[in-house]
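*Asks:* For the sequence shown, this note's numbering assigns the number 5 to the initial residue and increments by one for each residue that follows.
Do not take every clue at face value.
To be verified - DSS-like mimics (lysine-lysine), calculated; alpha carbons at most 30 Å apart, straight line:
(1) K222 / K196
(2) K193 / K253
(3) K185 / K325
(4) K49 / K196
(5) K48 / K149
(6) K13 / K219
(7) K149 / K204
(8) K193 / K325
(9) K325 / K184
(10) K180 / K219
Unchecked claim - Okay, the calculated beta carbon distance ranges per label pair:
(11) I32 / V78: 25 to 31 Å
(12) E202 / K21: 27 to 33 Å
(13) I32 / P200: 23 to 29 Å
(14) D293 / L334: 35 to 41 Å
(15) E47 / T136: 20 to 26 Å
(16) G168 / E103: 29 to 35 Å
Worth flagging that the hints you see were computed from the coordinates, not collected in a lab. Glycine residues also receive a C-beta, built at the ideal position from the N, C-alpha and C atoms.
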Amino acid sequence: MLTEPNTWKNPNTHYLKVLRNEWYKQLILLENLITEETMKFYEKKGIITLHLPVTTGSISSPMGRGSDSSPVKVNLQGVETYLADSMQFLLEYGCRLTEKGCYYVMPSFRGENADERHLCQFYHSEAEVPGTLEDVINLVEEYIKYLSKRILERMGKTLKENIGDISHIEKIADYKGSFKKITFDEAEKVLKEKYPNEIKEYIEYDDGWRNITRKAEKELIEIYGGIVWITNYDELAVPFYQKLDSNIKGTTRNADLLMGIGETVGCGERHETDKELMESLEKHCVKPDEYEWYIEMKKYYPCQTSGFGMGVERFLMWVLKSKDIRNFQLCLRFNGENILP
5 MLTEPNTWKN
15 PNTHYLKVLR
25 NEWYKQLILL
35 ENLITEETMK
45 FYEKKGIITL
55 HLPVTTGSIS
65 SPMGRGSDSS
75 PVKVNLQGVE
85 TYLADSMQFL
95 LEYGCRLTEK
105 GCYYVMPSFR
115 GENADERHLC
125 QFYHSEAEVP
135 GTLEDVINLV
145 EEYIKYLSKR
155 ILERMGKTLK
165 ENIGDISHIE
175 KIADYKGSFK
185 KITFDEAEKV
195 LKEKYPNEIK
205 EYIEYDDGWR
215 NITRKAEKEL
225 IEIYGGIVWI
235 TNYDELAVPF
245 YQKLDSNIKG
255 TTRNADLLMG
265 IGETVGCGER
275 HETDKELMES
285 LEKHCVKPDE
295 YEWYIEMKKY
305 YPCQTSGFGM
315 GVERFLMWVL
325 KSKDIRNFQL
335 CLRFNGENIL
345 P
């Protein structure tokens, strides 16, 4: 049986221990499978991959309301720029060049320190397609089910030997219909009914918005049998680029898929016009200067798109029933440390 190696605790010897640890041999096979099968999945749909730069002047999580990570600023020959935390904006750009949408699988960067749920550098499987939130939710569900089936077909026997019970993968591979969906309001109600005196351990309340905690994510996953969508977060709890939902006042057309350790996929419908975008930037206290090109794209080439991002390591944590994402680094990368190789 595989056990989590925790070799990341000693960065100086990690690379040597990797070479004699079965965990990492299985990890790279799974990572390879995700890359290969993602390409096959999108090829059948006519959704194309884009080759994109890792630097950007327009980060998707600026230091404003609703941002969920800190930007990573770098200096390249005297010019300050950022390492991308997401390629969403460029995928939106690509949607204006393609008929059915575009995707990529490549690293993204976070400014915070790593912990059991977050890496400083992680692999991101992102896609953007013409259409609505419902369209992209359907795409995500099809993608997750497809990956689960292919994992069982290609590595099911090995996984059973290595982790024992693989019924969680079998359940998703054979899942009929759509995954359970609840709104944020409904999630809050469920948690309040179950934990009336401890609700602040599950819901964070700030000035004008709410968010769910890690503890709440785990609880909701258990309540709903291992997987659930949370939709319609408060407008100021998510970044500026998410479209408002006209049916539920003060909320956005977004959804997070909770499975495994917590949020594994985040998706949303984007603003279609420059007017909507400008209003949202102002509400989120984000200066429009670095997003002028994005605003003009919406003005001159309006297009309704929706997209998602899946943390590959988080998905693999679910596959291997892991509790610590730091065990999913072949080569360690921690902010503020120079680690070789």
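*Asks:* Evaluate each hint against the coordinates.
*Replies:* Now the hints, each set against the structure:
no.	hint	in the structure
1	K222 / K196	holds (15 Å)
2	K193 / K253	holds (17 Å)
3	K185 / K325	holds (23 Å)
4	K49 / K196	violated (42 Å)
5	K48 / K149	holds (15 Å)
6	K13 / K219	holds (25 Å)
7	K149 / K204	violated (34 Å)
8	K193 / K325	holds (29 Å)
9	K325 / K184	holds (21 Å)
10	K180 / K219	holds (28 Å)
11	I32 / V78: 25 to 31 Å	holds (28 Å)
12	E202 / K21: 27 to 33 Å	violated (40 Å)
13	I32 / P200: 23 to 29 Å	violated (47 Å)
14	D293 / L334: 35 to 41 Å	holds (38 Å)
15	E47 / T136: 20 to 26 Å	holds (23 Å)
16	G168 / E103: 29 to 35 Å	violated (45 Å)
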